[in-house]
Amino acid sequence: MDIFTLDFFLRALIGGILIGLMAPMIGLFVVLRRLSMIGDTLAHVSIAGVAFGFLINVYPLLLGLIFAVVAAFAIEHLRRTFRSYAELSIAIILSGGIALASVLFTLGRGFNMNVMSYLFGSILTLNRMDLWLVAVVTLFIVLFVLLFYKELFLLTFDEDAASVSGLPARWLNIILTVMTALVVSVAIKIVGALLVSALLTLPVACSLAVGRGFRPTLWMAIVFSEVAVVGGLVISGLWNLAPGGTIVLLLIGFLLVTLTVRKGLRI
Amino acid sequence: MAESNKVINQCHDSIISMDKVSFHYDGRNVIEGLDLTILQRDFVGLIGSNGAGKTTLLKMIVGLLKPSSGEIRLFGQPLSQFNGWDRIGYVPQKNMLNPLFPATVKEVVLSGLYGKKRMLKRVTVEDRHKCTEALHALGIEDLADIRIGKLSGGQQQRVFLARSLINNPELLILDEPTIGIDAETQESFFHMIKHMHQRHNITFLMVSHDVDLMQSYLGHEPKNTIGKLKFYVKHSHELDNCVEDNLAHTLRDLRNHLELHAQLH
Chain A
3 MDIFTLDFFL
13 RALIGGILIG
23 LMAPMIGLFV
33 VLRRLSMIGD
43 TLAHVSIAGV
53 AFGFLINVYP
63 LLLGLIFAVV
73 AAFAIEHLRR
83 TFRSYAELSI
93 AIILSGGIAL
103 ASVLFTLGRG
113 FNMNVMSYLF
123 GSILTLNRMD
133 LWLVAVVTLF
143 IVLFVLLFYK
153 ELFLLTFDED
163 AASVSGLPAR
173 WLNIILTVMT
183 ALVVSVAIKI
193 VGALLVSALL
203 TLPVACSLAV
213 GRGFRPTLWM
223 AIVFSEVAVV
233 GGLVISGLWN
243 LAPGGTIVLL
253 LIGFLLVTLT
263 VRKGLRI
Chain B
78 MAESNKVINQ
88 CHDSIISMDK
98 VSFHYDGRNV
108 IEGLDLTILQ
118 RDFVGLIGSN
128 GAGKTTLLKM
138 IVGLLKPSSG
148 EIRLFGQPLS
158 QFNGWDRIGY
168 VPQKNMLNPL
178 FPATVKEVVL
188 SGLYGKKRML
198 KRVTVEDRHK
208 CTEALHALGI
218 EDLADIRIGK
228 LSGGQQQRVF
238 LARSLINNPE
248 LLILDEPTIG
258 IDAETQESFF
268 HMIKHMHQRH
278 NITFLMVSHD
288 VDLMQSYLGH
298 EPKNTIGKLK
308 FYVKHSHELD
318 NCVEDNLAHT
328 LRDLRNHLEL
338 HAQLH
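Residue numbers (this note's numbering), protein chains in the order written: chain A, 3 to 269; chain B, 78 to 342.
It is worth saying that the hints were derived from the structure and are not from the lab. Backbone N, C-alpha and C define an ideal beta-carbon position, used for all residues, glycine too. It is possible that some hints are incorrect.
[Unchecked claim] Pairwise CB distance ranges, derived in the manner of DEER restraints:
no.	chain 1	residue 1	chain 2	residue 2	range
1	A	Ile176	B	Lys194	18 to 26 Å
2	A	Gly233	B	Leu177	46 to 54 Å
3	A	Ile176	B	Asn106	27 to 35 Å
4	A	Tyr87	B	Ser313	41 to 49 Å
5	A	Tyr61	B	Gly231	54 to 62 Å
6	B	Asn301	A	Phe84	47 to 55 Å
7	A	Ile100	B	Lys194	22 to 30 Å
8	A	Leu261	B	Val202	32 to 40 Å
[What the hints assert, rightly or not] Heads up, incomplete: computed chain A residues facing chain B, CB under 10 Å, no partners named:
no.	residue
9	Thr83
10	Ala93
11	Arg214
12	Arg217
Please take these sequences and the hints and turn them into a complete structure.
So this is what it looks like as structure tokens:
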């Protein structure tokens with residue numbers, strides 16, 4: 003069977019390549035600002051949005067996206083309220099998202115199977131509309147990171163110094179979190195909500211193990227991510243495995259290799 | 078040119094002024110009715126125990142915290158209207174650095190140029206030139222492509238100083254820059270700062286816990302004591318030729334001086 007001629011697989015592949023590009027671009031800043039859990043949090047809230055979409059019969063991915071963006075603002079707000087306990091805001095929103103999702107699941111028992119594909123990801127379900135949404139979000143992310151590369155670097159390296167230089171640190175923070183919400187919510191259909199944050203963090207973890215400067219680290223994270231996404235989609239297409247799981251296992255494999263190589267180089 | 082003449086003729090412009098500034102947090106008065114004026118080419122050492130409000134004061138000055146009441150002016154402008162942030166260099170606490178952060182020394186020093194006025198603009202050849210100059214001035218050009226976390230504490234401090242100097246600042250704010258550095262490196266760092274104060278047109282505000290080091294330069298009597306905050310001040314403008322814009326030139330003698338210093342050791 004030649005999966006490369008199948009429409010649904012090609013859509014998943016294109017969507018995957020776009021997601022594989024933007025996830026580590028945002029992920030680098032998320033990881034370095036010690037907000038690795040934010041992807042998980044936003045994904046869980048996004049699932050509540052998807053469930054709500056099925057319930058009221060509105061395009062689920064769009065509602066998932068809106069929910070994630072609202073959650074992003076809530077996280078930023080709570081982060082300021084509990085200044086020195088930034089992770090508390092994440093715990094609150096994370097549990098809130100799951101709670102809401104589970105209640106919405108039970109309200110609409112009939113669509114439970116549909117929601118499953120959002121939890122674990124699927125290469126069968128990405129339709130043309132989804133692909134357009136992924137493309138638009140990718141464009142936003144790439145433009146944002148390219149245009150504000152300097153400012154994001156300084157914000158991530160030293161937030162106080164960024165403020166002292168007159169950068170609108172608060173706005174950059176908010177936009178960064180909203181961008182994270184966009185990436186997460188459009189990626190869940192392929193990778194699945196439970197694993198989407200791995201796509202933000204694992205390629206970055208791999209490149210942090212080998213990179214020296216900031217720019218090479220960013221490039222390498224994108225390379226790791228793309229290889230894992232394309233490889234993972236092909237493998238899952240050939241053997242009918244869950245795409246998210248396959249991609250994440252590949253990334254963990256890469257991480258083990260980079261850590262070993264690094265150890266070999268240093269000693 | 079008119080501006081540089083002005084600098085020569087009156088080097089007592091007010092750089093930072095605080096008028097009855099108070100800061101309350103959780104119903105507690107962290108800072109109460111603080112009046113303070115820092116003049117051009119002052120070296121102000123701020124010493125106080127933990128919880129005295131040193132960090133709060135610094136954060137208010139750079140706009141990270143809003144005072145509960147009172148007014149702060151930078152270079153004569155109210156903080157709310159102030160937009161000359163590129164005139165201020167900032168050296169953070171050393172322990173703020175994440176040792177695994179993937180940034181080279183060069184990337185860190187260049188980031189001293191990133192500010193509001195340069196948003197959406199590319200890094201130019203001239204910017205890279207300034208970076209090389211700053212690295213050269215502090216004698217760390219050999220470290221340019223090394224990951225910052227791999228450097229020793231003293232080297233890292235030089236990197237942060239180079240970053241704060243790349244913009245040719247008129248005001249340098251240092252927040253406990255020598256914390257966690259061994260005594261000898263601390264002393265040579267302070268020596269470098271002292272030298273810059275004596276020879277260059279820079280105003281200093283430095284928070285430190287190291288009373289001995291500060292008093293050795295600033296004298297034993299604080300000029301001002303407000304609450305638990307002690308302000309030691311030394312004014313210096315012996316030389317007239319300090320109004321140059323070229324960082325390499327103004328810092329060249331600093332480098333020579335440092336090399337001399339290193340040879341003596």
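Hint check:
| no. | hint | result |
| --- | --- | --- |
| 1 | A:Ile176 - B:Lys194: 18 to 26 Å | 22 Å, holds |
| 2 | A:Gly233 - B:Leu177: 46 to 54 Å | 27 Å, violated |
| 3 | A:Ile176 - B:Asn106: 27 to 35 Å | 32 Å, holds |
| 4 | A:Tyr87 - B:Ser313: 41 to 49 Å | 44 Å, holds |
| 5 | A:Tyr61 - B:Gly231: 54 to 62 Å | 58 Å, holds |
| 6 | B:Asn301 - A:Phe84: 47 to 55 Å | 35 Å, violated |
| 7 | A:Ile100 - B:Lys194: 22 to 30 Å | 44 Å, violated |
| 8 | A:Leu261 - B:Val202: 32 to 40 Å | 38 Å, holds |
| 9 | Thr83 | 13 Å, violated |
| 10 | Ala93 | 22 Å, violated |
| 11 | Arg214 | 5 Å, holds |
| 12 | Arg217 | 8 Å, holds |
Of the numbered hints given earlier, the model fails hints 2, 6, 7, 9 and 10; all others are met.
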